[in-house]
Amino acid sequence: MADTNTIIGESILVKGNLEGDEDLTVQGRVEGSINLTRTIIIEPGGVIKAEVSVANAIVSGVMVGNISATDSVELTETGRMLGDIQAPRVIINEGALFKGQVDMGDLEMARSRVSKTAQSSYQPSYTKSPAPTRPANRPVARPEPPKPQEQKPKVTPKPAPKPTPKPATPPKKPAVVAVAGASKRSKKKVILKKKKRR
Amino acid sequence: MANVIGRSIVIDGEITGDEDLVIQGTVKGKIALKESLYVENSGEVEADIETQNVEISGSVTGNIRASEKVEIKSDGRMVGDIKAPRILIADGAVFKGNVDMDR
Amino acid sequence: MAAEPPGVIGRGISIRGNLSGGGDLIIEGTVEGQISLKNHLTIEETGVVRADIEAERLTIKGEASGNIVASERVAVMANAKVMGDIKAPVVIVEDGAGFKGNIDMNVELPDGVL
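Residue numbers (the numbering used here), protein chains in the order written: chain A, 71 to 268; chain B, 413 to 515; chain C, 118 to 231.
What the hints contain is simulated information worked out from the structure, not anything from laboratory work.
Here a beta-carbon is modelled for each residue, glycine too, at the ideal position from N, C-alpha and C.
Take the hints with a grain of salt, since some may be wrong.
What the hints assert, rightly or not - Each computed SDA-like pair below joins lysine to any residue, with the alpha-carbon atoms no more than 20 Å apart:
#, chain 1, residue 1, chain 2, residue 2
1, A, K119, A, D176
2, C, K178, A, G175
3, B, K442, C, S137
4, B, K442, C, G150
5, A, K119, C, P123
6, C, K204, A, D154
7, B, K485, B, E458
8, A, K169, C, M194
9, B, K446, B, D487
10, A, K169, C, S137
11, B, K442, B, V422
12, A, K119, C, G201
As the list claims (entries may be wrong) - Covered stretches of chain B, as calculated for chain C (at least 3 residues, CB under 8 Å):
#, segment
13, 418-424
14, 488-498
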C-alpha cells in the first residue's frame, strides 16, 4: 500500500465511483460516490456531490451528499455542507455552514433528576454517568503519517460504568448570595443555622 | 454559586431542590426546598411553598409551610396561609391569611 | 439599568415547567419543560436540560435534549451531550462533543454547485 496522496486538481472533474486506500485531496470536482479507507480533504474551491464513505473527512470546500466516516468529520471555517454525517467524532468550526443530520452514535444521557412531583421528599438522584466514551483530545486526523491500516469496527459506544450513586448531600454551608445586601443576609443565615443546631 | 432567579425571569412550574434560592423574578406554581427561600423586593411568587425558612421582601400569594421560620419583612406582601413554628411579621408588612404555629 | 449578574439555577435545584424571560441564565441543575430566553443561556457541566430551548445564544457544556432555536449562535462544547435539532445561523460543535440530531444553519452554496 503506497503512502501517496492523490490530488484531484482544480480543473479536474471526476464523475463516477472513486475507491482507494490512500488519502485524497480534492481541489476540483467529484460527482458520484467515494469510498476510501483513509482521509478525504476537500479544499476550499473543491466541490463534491457524492455519497462519501471514508475514515476521516476534512471539509473546507463544498460537500453535497452524505458522509459516513469510521473516525471523524471536520468542517472547517470555510466548509459548506448539505447532507447527513455519520461519524463518532464530528467537529464543526465557527464559520462553517451545515444543514443536515448528525449521528455520532448513541448518547448516554443522564436520567431525569426531576422528581415526579415537587415534594419535600425530593432526593437528588444524580446519576450522570462518567465522561463520554470518546476521548476529547485525540488529534484530528491529518493525512500523514501513514499508519498500518486497520479496519476500525463501527462505533459501538462502550457500556458506561454503572453510575455511582452519589452519597447523601453533605451538609451545606449557606451559599453566599452575590447581590446587594448580601452581608446582611448572610449574617441572618448564620443565626438561623445556629438555631437549627440546638 | 447561589441560586438566583433573576428579575426578568419567569418560571411557570415546579422548583425543587436542596439549596438556598433567591427569587428576584416571577415564579408561579410550586416550590419545595430543603433550605431557605428569599423572595426579594422585585420577586413575585404565586405558589405553594414548602421549605425550611422563608424570607419575604417581595410579594407572595399562596400557602407556606416552613419547618423553621417564616419572616415577612417590612416591604413584604403576603396573601395565604402560613404554617411554621416561628413566624415574624415586620411593621409595615402586608399580610392576609391564617397563621398556624403548631409544632 | 446596569447589566445584571446572570441568574443561576444551581446544582441542587430542579425546575419543571416553563422558564422564560430576559437576562443571562446559567443552569447547573435540572430543567424539564420549556425555556425561552431573550439572552444568553449556559448549560454548565452539571446541568441537565430536557426542554425545547429558544434563546439568542446558547452554550452547552452539559446535557440537553430537545429542539433548539437560537437567533445568533449555539456552541456545543467538548464534553456536552446534545440530542435534538438545532437551528441557528452559527453552530459550533467541538471535538469530543456528543450530538445526535439535525443542524440547520441556512447554507448558501456558491452558484453552479448543484
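To see whether the hints hold, each was checked on the structure:
For the suggested pair A/K119 and A/D176, the alpha carbons sit about 28 Å apart, so the restraint of at most 20 Å is broken. For the proposed pair C/K178 and A/G175, the alpha carbon gap of about 19 Å is at most 20 Å, so the pair holds. A threshold of 20 Å between alpha carbons decides the hint, and for B/K442 with C/S137 the separation of about 16 Å falls inside it, so the pair holds. Of the supplied pair hints, the one linking B/K442 and C/G150 holds, its CA atoms being roughly 14 Å apart against a limit of 20 Å.
Our distance criterion of 20 Å between C-alpha atoms is broken by A/K119 and C/P123, whose separation comes to about 45 Å. Simply put, C/K204 and A/D154 have alpha-carbon atoms about 15 Å apart, close enough for the 20 Å limit, and the pair holds. Under the criterion of a C-alpha separation no larger than 20 Å, the hint pairing B/K485 with B/E458 is consistent with the structure, at around 18 Å. Restraint check for A/K169 and C/M194: the C-alpha separation of about 19 Å stays at or below 20 Å, so the hint holds.
Restraint check: the Cα-Cα separation between B/K446 and B/D487 comes to about 25 Å, which exceeds 20 Å; the hinted pair is violated. For the hint linking A/K169 to C/S137, the alpha-carbon distance of about 28 Å lies beyond 20 Å, and the restraint is violated. With a CA separation close to 13 Å, the supplied pair B/K442 and B/V422 stays within the 20 Å bound. Restraint check for A/K119 and C/G201: the C-alpha separation of about 26 Å exceeds 20 Å, so the hint is violated.
Under a criterion of three residues with beta carbons nearer than 8 Å to beta carbons of chain C, the stated coverage of the segment 418-424 of chain B is upheld, 7 such residues being counted. With 0 residues having a Cβ less than 8 Å from any Cβ of chain C, the segment 488-498 of chain B misses the three-residue criterion, and the hint is violated.
Violation of the numbered hints given earlier is confined to hints 1, 5, 9, 10, 12, 14; the remaining hints are satisfied by the structure.
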